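In the numbering used here, each residue carries its 1-based index in the sequence shown increased by 178.
Since the hints were made in silico from the structure, they are not lab data.
A portion of the hints provided could be inaccurate.
Label pairs and their calculated CB-CB ranges [claimed, not checked]:
#: 1; residue 1: Ser207; residue 2: Asn332; range: 33 to 43 Å
#: 2; residue 1: Tyr216; residue 2: Ala373; range: 21 to 31 Å
#: 3; residue 1: Pro377; residue 2: Lys221; range: 52 to 62 Å
#: 4; residue 1: Ser266; residue 2: His346; range: 28 to 38 Å
#: 5; residue 1: Glu398; residue 2: Met328; range: 40 to 50 Å
In silico BS3-like cross-links for lysine-lysine, where the CA-CA straight-line distance does not exceed 27 Å [what the hints assert, rightly or not]:
#: 6; residue 1: Lys262; residue 2: Lys291
#: 7; residue 1: Lys291; residue 2: Lys316
#: 8; residue 1: Lys316; residue 2: Lys221
#: 9; residue 1: Lys262; residue 2: Lys215
#: 10; residue 1: Lys382; residue 2: Lys331
#: 11; residue 1: Lys244; residue 2: Lys221
#: 12; residue 1: Lys394; residue 2: Lys277
#: 13; residue 1: Lys394; residue 2: Lys262
#: 14; residue 1: Lys304; residue 2: Lys316
#: 15; residue 1: Lys382; residue 2: Lys277
#: 16; residue 1: Lys262; residue 2: Lys304
#: 17; residue 1: Lys382; residue 2: Lys397
#: 18; residue 1: Lys215; residue 2: Lys277
Predicted, not measured: the structure shown is a model, and the values here were computed from it.
Don't be surprised by glycine CBs; every beta carbon is placed ideally from N, CA and C.
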Amino acid sequence: MNIYQRKGERSRENIILQASDVLNTYGSSITLDEIAKYTEISKSKITNHFSTKENLFIAITELYIKDIQNYFDSITFSNHFTWKEYISILSDIMDLQFKYRSAIMFIWTASFKYEAFMNELNESFKIRKKSMIALFEKLIEEFYLSPAVMEEKNFKIFYHQHAVLGVHWINTYLVFDYAQNYYDVKPTYLAGTTAIYKPYLTEKGLREFEALNLEKYLKELRK
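Hey, can you work out the whole structure from these sequences and the hints?
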């Protein structure tokens, strides 16, 4: 029985990952029949796990939530945490977002009738915010950011900007830059997010910020 369950779980996850790739490529308007065609997985096998396309989207989104939280949980700080190391974390987060871009688009349009799912999303956002705050605090500890960024009147605006720019670049890519290679436009999107740090950078932080060639560094990270 346990062997069957493991096989069933593998089959389910395989459907989720392949369907995610197809939805990333062809968009969210395609049907279950088309998903079956492009994944070469029978529709009956898909609907055995997911009765509707919405249920499949929810499963993809839940896997995204799990993967990105696992990533945050895996972060370890070196003895002398650097600005470049922080940028590599933001880069990794972007890559995960791009991998699950169809799920992110679904989150933006998800119906509130899925109450349990919306609650799950809300909880994941709260956990993610705590994880980001821990990163900001590390930057303060290493004298890259001024503590002023955490003052309530400043943090509300800073985090709002970060949340918008740090995720909604996906929308910009899908609407305006879809014909371009993701890695070609990634430096611009990441530069847009990191620009909001500038008013709160210390002298040390500003020095490393301005010294970093973002496009070159992102290419190095891919090697």
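### Message
Given the hinted pair Lys262 and Lys291, is their Cα-Cα distance within 27 Å?
### Response
violated (42 Å)
### Query
Given a hinted range of 33 to 43 Å, is it respected by the beta-carbon distance of Ser207 and Asn332?
Roughly 41 Å apart at Cβ, these two residues keep to the hinted range, so it holds.
### Hinted pair Lys382 and Lys331, Cα distance within 27 Å
Distance ~24 Å between Lys382 and Lys331 Cα, so the pair holds.
### Task
Verify the proposed pairing of Lys262 with Lys215, using a straight-line Cα cut of 27 Å.
violated (43 Å)
### Query
Within a Cα-Cα threshold of 27 Å, do Lys244 and Lys221 meet the stated pairing?
Since the Cα atoms of Lys244 and Lys221 sit roughly 26 Å apart, the hinted pair holds (cutoff 27 Å).
### Message
Can you confirm whether the C-alpha distance between Lys215 and Lys277 stays at or below 27 Å?
### Response
Cα-Cα ~21 Å, so holds.
### Query
Straight-line Cα separation of Lys394 and Lys277 no greater than 27 Å?
holds (22 Å)
### Query
Would the pair Lys394 and Lys262 pass a check requiring their Cα atoms to be no farther apart than 27 Å?
holds (12 Å)
#### Entry: Pair hint Lys262 and Lys304, alpha-carbon separation not exceeding 27 Å
OK: Lys262 and Lys304 at ~26 Å, within 27 Å.
### Holds or violated: Lys382 to Lys397, with C-alpha atoms at most 27 Å apart
holds (24 Å)
### Task
Quickly compare the C-alpha distance for Lys304 and Lys316 to 27 Å and report which way the hint goes.
Holds, because 19 Å separates the two Cα atoms, which is no more than 27 Å.
### Query
Is 52 to 62 Å right for how far apart the beta carbons of Pro377 and Lys221 are?
holds (53 Å)
When the structure is compared with the earlier hints, violations turn up for hints 2, 4, 5, 6, 7, 8, 9, 15 and for no others.
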